[in-house]
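**Q** One-letter residues, chain by chain:
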Amino acid sequence: QKEVEQNSGPLSVPEGAIASLNCTYSDRGSQSFFWYRQYSGKSPELIMSIYSNGDKEDGRFTAQLNKASQYVSLLIRDSQPSDSATYLCAVQGGKLIFGQGTELSVKP
Amino acid sequence: SAVISQKPSRDICQRGTSLTIQCQVDSQVTMMFWYRQQPGQSLTLIATANQGSEATYESGFVIDKFPISRPNLTFSTLTVSNMSPEDSSIYLCSVEDSVAGNGYTFGSGTRLTVV
Numbered sequence: 001q002k003e004v005e006q007n008s009g010p011l012s013v014p015e016g017a018i019a020s021l022n023c024t025y026s027d028r029g030s031q032s033f034f035w036y037r038q039y040s041g042k043s044p045e046l047i048m049s050i051y052s053n054g055d056k057e058d059g060r061f062t063a064q065l066n067k068a069s070q071y072v073s074l075l076i077r078d079s080q081p082s083d084s085a086t087y088l089c090a091v092q093g094g095k096l097i098f099g100q101g102t103e104l105s106v107k108p
Numbered sequence: 109s110a111v112i113s114q115k116p117s118r119d120i121c122q123r124g125t126s127l128t129i130q131c132q133v134d135s136q137v138t139m140m141f142w143y144r145q146q147p148g149q150s151l152t153l154i155a156t157a158n159q160g161s162e163a164t165y166e167s168g169f170v171i172d173k174f175p176i177s178r179p180n181l182t183f184s185t186l187t188v189s190n191m192s193p194e195d196s197s198i199y200l201c202s203v204e205d206s207v208a209g210n211g212y213t214f215g216s217g218t219r220l221t222v223v
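Residue numbers (my numbering), protein chains in the order written: chain Z, 1 to 108; chain H, 109 to 223.
Since the hints were derived computationally from the structure, they do not count as laboratory data.
These numbers come from a predicted model, not from an experiment.
For each residue, glycine too, the CB sits at the ideal point set by N, CA and C.
Take the hints with a grain of salt, since some may be wrong.
[Said to hold, decoys possible] Pair ranges (Cβ atoms, derived):
#, chain 1, residue 1, chain 2, residue 2, range
1, Z, Lys95, H, Cys121, 26 to 36 Å
2, H, Pro116, Z, Tyr39, 15 to 25 Å
3, H, Lys115, Z, Ile18, 33 to 43 Å
4, Z, Ser105, H, Gly124, 35 to 45 Å
5, H, Phe169, Z, Ser69, 43 to 53 Å
6, Z, Lys95, H, Ser113, 35 to 45 Å
7, H, Glu162, Z, Ser105, 38 to 48 Å
8, Z, Glu3, H, Ser216, 24 to 34 Å
[To be verified] Derived, one-sided and incomplete: chain Z residues facing chain H with beta-carbon distance under 7 Å:
#, residue
9, Phe34
10, Arg37
11, Leu46
12, Gly94
13, Leu96
14, Gln100
[Said to hold, decoys possible] Selected chain Z positions facing chain H (in silico; Cβ < 8 Å):
#, residue
15, Ser49
16, Lys95
17, Gly99
Produce the entire structure from the sequences given, and follow the hints as far as they go.
**A** Given below as structure tokens:
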């Protein structure tokens, strides 16, 4: 079992729709959870961090964490073509471990 | 958040040679992290570099192949030694931001092609 697993892509949504990205992790001792966005040829940039169960909203982005289910998700509302990128889930117990990424394509 | 300057941004190297990648951070940090991103793949942690001690390597990575230096709290280098085409990847350095909730910041990456 992979330490951090994301739903396989690519995920394609129409402009204005909600994009839902999911991630599960194996280490129950994990404390911190991050979503990074990576455009092709660029380094990852942090878009959301979440540390406690529940929802955290920042603009069009909502991160959801359920530690009992070892599940973290990212919702992108009103998706824009500029959101097209690979989204990486990262989980920190001792070290920061990345999932394999989900490629999102937002079609105009 | 921290700003990391990483160089070179890209290089094409002959097999059997070595390349040293440098990362400079604009603030003092205890730990620096080196990642590899193979084509079409996610990020894999190579090692954690602490100032004043030997780097800690992850399973599958060894010091002879990826020697790391950490001479002070703002600088680190990663060398990719005796390169083969399988080493063609993007290499990234990273630091944990001192501001809680800011996660980890990455350098701009070094795109290495071994021919």
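**Q** Work down the list of hints and note, for each, if the structure agrees.
**A** Status of the hints after comparison with the structure:
For the pair Z:Lys95 and H:Cys121, the beta carbons lie near 28 Å from each other, so the given range of 26 to 36 Å is met. The hint said 15 to 25 Å for the Cβ distance between H:Pro116 and Z:Tyr39, and at roughly 20 Å that hint holds. Distance hint check: the CB atoms of H:Lys115 and Z:Ile18 are about 40 Å apart, consistent with the given range 33 to 43 Å. For Z:Ser105 and H:Gly124, the Cβ-Cβ distance of about 40 Å falls inside the hinted range of 35 to 45 Å, so the restraint holds.
Separated by about 32 Å at the C-beta atoms, H:Phe169 and Z:Ser69 break the suggested range of 43 to 53 Å. Between Z:Lys95 and H:Ser113 the Cβ separation comes to about 23 Å, which falls outside the hinted range of 35 to 45 Å. Checked against the hint of 38 to 48 Å, the pair H:Glu162 and Z:Ser105 passes, with Cβ atoms roughly 43 Å apart. Taking 24 to 34 Å as the suggested C-beta distance range, the pair Z:Glu3 and H:Ser216 conforms, at roughly 26 Å.
Annotation: interface hint on Z:Phe34 holds; nearest CB of chain H at approximately 5 Å, less than 7 Å. Hint on Z:Arg37 is violated. Least Cβ distance to chain H is approximately 12 Å, over the 7 Å limit. Interface hint status for Z:Leu46: upheld, as the beta-carbon distance to the closest one in chain H is roughly 4 Å, under 7 Å. For Z:Gly94, the suggested interface contact is broken, since its CB lies about 9 Å from the closest CB of chain H, more than 7 Å.
Residue-level restraint check for Z:Leu96 holds (minimum Cβ-Cβ distance to chain H is 6 Å; threshold 7 Å). Evaluation of the Z:Gln100 hint against chain H yields a held restraint, the C-beta minimum of about 5 Å falling below 7 Å. Interface restraint check for Z:Ser49: the shortest CB-CB distance to chain H comes to about 5 Å, inside 8 Å, so the restraint holds. Contact between Z:Lys95 and chain H, as hinted, is supported at the beta carbon level, the nearest pair being about 6 Å apart and thus within 8 Å.
Hint status for Z:Gly99: holds, given a least beta-carbon distance of 6 Å to chain H, under 8 Å.
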